[in-house]
Amino acid sequence: MAEYSAWSEDSARLIIAGLVHLEGATLPILHALQDEFGYVDPEAVPLIAEALNLSRAEIHGAISFYHDFKTTPQPARTIKLCRAEACQALGCESVVVELARTHGIAVDGDQVGDARVETVYCLGNCALGPSALVDGELIGRVDAARIAGLCKHGRAHS
Amino acid sequence: MSAAPVRIFVPIDAAALSVGAEAVAQAIASEAAARGLAVEIVRNGSRGMLWLEPLVEVETAEGRIAYGPVAARDVPSLFDAGFASGGAHPLRLGKTEELDWMKRQQRLTFERVGVIDPLSISDYRAHGGFKGLEKALALTGGEIVEAVKASGLRGRGGAGFPTGIKWKTVHDAKAEQKYIVCNADEGDSGTFADRMLFEGDPYLTIEGMAIAAIAVGATRGYIYLRSEYPHAHRMLQRAILKAEAAGMIGASVMGSSHAFHLEVRLGAGAYICGEETSLLESLEGKRAIVRAKPPLPALQGLFGKPTIVNNVLSFAAVPWILDHGARAYADYGMGRSRGTLPVQLGGNVKRGGLIELAFGITLREIIEDMGGGTLSGRPIRAVQVGGPLGAYLTAGQLDVQMDYEALAAMRAMLGHGGIVVFDDSVDMARQARFAFEFCAKESCGKCTPCRIGATRGVEVMDRIITGTERPKNIAVLRDLSKLMTDASLCAMGGLTPMPVLSALNHFPEDFDRPPLPLAAE
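Note that the protein sequences, when read in sequence, are chains A and B. Straight run, no breaks: the first sequence in the numbering used here ends on number 158. Straight run, no breaks: the second sequence in the numbering used here ends on number 679.
In short, the hints are calculated from the structure, not lab data. C-beta: ideal position from N, C-alpha, C; glycine also. Incorrect hints may have been included.
Stated by the list, open to error - Derived BS3-like pairs (lysine-lysine); straight-line CA-CA distance at most 27 Å: (1) B:Lys400 - B:Lys289; (2) B:Lys261 - B:Lys289; (3) A:Lys70 - B:Lys508; (4) B:Lys463 - B:Lys326; (5) B:Lys630 - B:Lys640; (6) B:Lys451 - B:Lys599; (7) B:Lys640 - B:Lys451; (8) B:Lys599 - A:Lys80; (9) B:Lys444 - B:Lys599; (10) B:Lys508 - B:Lys307; (11) A:Lys80 - B:Lys444; (12) A:Lys80 - B:Lys508; (13) B:Lys400 - A:Lys70; (14) B:Lys640 - B:Lys599; (15) B:Lys604 - A:Lys70; (16) B:Lys463 - B:Lys444; (17) B:Lys307 - B:Lys332; (18) B:Lys307 - B:Lys463.
Stated by the list, open to error - Computed far set for chain B versus chain A, every beta-carbon distance over 12 Å: (19) Ile323; (20) Gly345; (21) Ser385; (22) Gln589; (23) Gly603.
Full structure from sequences and hints, please.
Listed below in structure tokens is the structure:
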């Protein structure tokens with residue numbers, strides 16, 4: 001379970017100031033903001049642009065290009081379910097169907113409680129799929145029941 | 159009793175953790191404490207026998223004894239059976255080095271993975287680490303480049319471009335600043351060698367990058383790692399700090415006049431960043447839009463400076479080459495594919511994992527002999543080689559040798575060495591549709607054939623699957639595939655037709671099934 005701070009311009013400025021010295025600092029800054037707040041608040045865009053002497057459009061463009069960066073507050077838990085070929089070969093699409101049918105959980109759909117299940121393409125666990133990434137922990141041989149349990153805030157590994 | 163503690167190895171590799179290695183390590187620690195046994199638990203990388211994870215090894219006088227797959231609940235019975243001294247137990251597999259899977263391999267790049275404590279500099283040195291770098295420091299840059307050229311090493315990311323020629327271009331370029339960039343955006347489904355290497359032996363790639371830096375006169379380097387690999391990220395961050403403290407990198411590489419500063423940077427979930435120019439744009443903090451070539455990154459790469467961009471496995475091969483000599487490396491392999499290839503076997507396979515072998519082994523030997531066929535026990539129907547842009551082969555085509563040219567000759571590709579096995583429940587029209595869907599989601603959008611073509615491809619496949627004017631739509635599919643192949647700017651759009659056309663050509667019956675309604679998505 002992630003515990004994110006509420007958006008704060010002051011702490012965002014501090015985070016940005018700590019990273020502006022890096023070459024090509026945009027992505028490190030965006031990651032650091034997202035780690036802190038769970039998302040990149042649109043109010044951060046002019047702050048980053050000013051600190052890096054770039055246009056707002058360039059920062060917005062970077063945020064919108066990458067799948068990782070979110071621009072709205074996120075649930076405490078995001079479960080990333082792999083749906084790439086190696087996990088397809090082990091039935092990840094059946095997991096998606098069963099999640100919807102049995103548990104009422106739509107992958108890439110609405111939040112369930114304080115969790116959401118998202119599609120990801122490859123977690124590098126291709127011999128032990130289907131795989132999911134939850135709170136930074138990798139889970140192999142995952143099934144719909146396990147994912148549904150994790151949506152109710154179980155531990156990744158018990 | 160003042161006997162030395164028994165060394166017990168429990169992997170910290172993400173794949174091992176994904177099936178419970180952490181709980182096993184904790185159970186061993188508490189069980190040993192409860193029994194008053196002195197144990198030292200070493201968290202090693204994975205040996206690559208992933209179906210046996212968590213694979214626990216115990217160091218004994220006769221060598222390391224493997225037990226697996228171990229669940230936390232097995233731990234009390236393992237202690238009862240005296241596993242701390244290699245005792246008999248149903249999970250006992252024998253000496254790790256003597257296991258068939260290990261004996262069949264030729265591990266050069268992965269020689270230390272699973273063997274050592276990944277972050278221990280002394281372990282690394284004791285098992286041959288630093289030797290390549292030390293030898294490189296006694297050579298001129300030109301001599302290092304010549305050694306890499308003579309080894310025949312080709313880029314392990316997928317394109318197979320000769321590494322030494324790339325290095326020569328950067329070596330000969332004149333610039334105030336040059337860069338070394340490691341492409342660790344291992345996004346291909348079915349591949350995990352980079353991840354395993356970082357989690358099991360992170361110093362090897364760092365050493366390879368340092369050698370590259372010395373060879374071409376670069377002082378800064380970046381490892382661009384995908385964000386889907388949090389475990390590898392943590393390991394690399396710690397390894398870079400320790401490598402600096404040990405003098406492998408930093409202001410003075412091993413006390414020499416060479417400086418090499420290295421950072422790891424995280425991607426943000428964009429498959430396209432595995433394409434080198436897109437990766438460079440991303441490192442510069444921009445949208446990862448593919449650049450037109452020329453100019454080559456070797457001449458105008460990161461921030462417009464001469465840059466070596468190599469895959470993790472390319473850099474990781476270099477220390478061995480410098481240490482043992484270019485000829486020793488080139489003695490492995492076949493044709494124009496020299497050295498060894500870390501193959502990653504996954505998908506629906508009984509025994510999946512990492513297999514490092516000289517080029518030339520057949521797919522059938524890998525999948526059937528080592529992999530043991532499908533996990534489901536059903537017949538193999540299709541095998542995708544080389545990631546999401548690689549071809550689907552039939553069970554009848556598995557006698558092809560793992561070699562860049564041999565696969566290219568059958569309109570397939572080796573890519574990063576990933577092999578994904580499917581059983582007979584696979585629907586190849588669905589797989590073709592997925593190839594377009596993936597391309598549509600991951601296209602950077604710069605060139606029209608890829609950006610628009612992928613979306614049109616999904617629509618055409620939907621019409622074929624639902625049985626709408628099939629002959630006409632298959633003609634459109636072939637035409638669209640030709641256009642994307644010929645006119646796309648990079649491999650994303652240019653190779654998406656490879657899985658599509660291989661599915662269509664090898665499995666035409668799947669494109670002529672009774673019409674199905676589309677699944678609700």
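Comparing the hints with the structure gives:
no. : hint                : verdict
1   : B:Lys400 - B:Lys289 : holds (17 Å)
2   : B:Lys261 - B:Lys289 : holds (25 Å)
3   : A:Lys70 - B:Lys508  : violated (38 Å)
4   : B:Lys463 - B:Lys326 : holds (15 Å)
5   : B:Lys630 - B:Lys640 : holds (16 Å)
6   : B:Lys451 - B:Lys599 : holds (23 Å)
7   : B:Lys640 - B:Lys451 : holds (21 Å)
8   : B:Lys599 - A:Lys80  : holds (16 Å)
9   : B:Lys444 - B:Lys599 : holds (18 Å)
10  : B:Lys508 - B:Lys307 : violated (38 Å)
11  : A:Lys80 - B:Lys444  : holds (25 Å)
12  : A:Lys80 - B:Lys508  : holds (25 Å)
13  : B:Lys400 - A:Lys70  : violated (33 Å)
14  : B:Lys640 - B:Lys599 : holds (20 Å)
15  : B:Lys604 - A:Lys70  : holds (23 Å)
16  : B:Lys463 - B:Lys444 : holds (16 Å)
17  : B:Lys307 - B:Lys332 : holds (20 Å)
18  : B:Lys307 - B:Lys463 : holds (22 Å)
19  : Ile323              : holds (27 Å)
20  : Gly345              : violated (6 Å)
21  : Ser385              : violated (6 Å)
22  : Gln589              : violated (7 Å)
23  : Gly603              : violated (9 Å)
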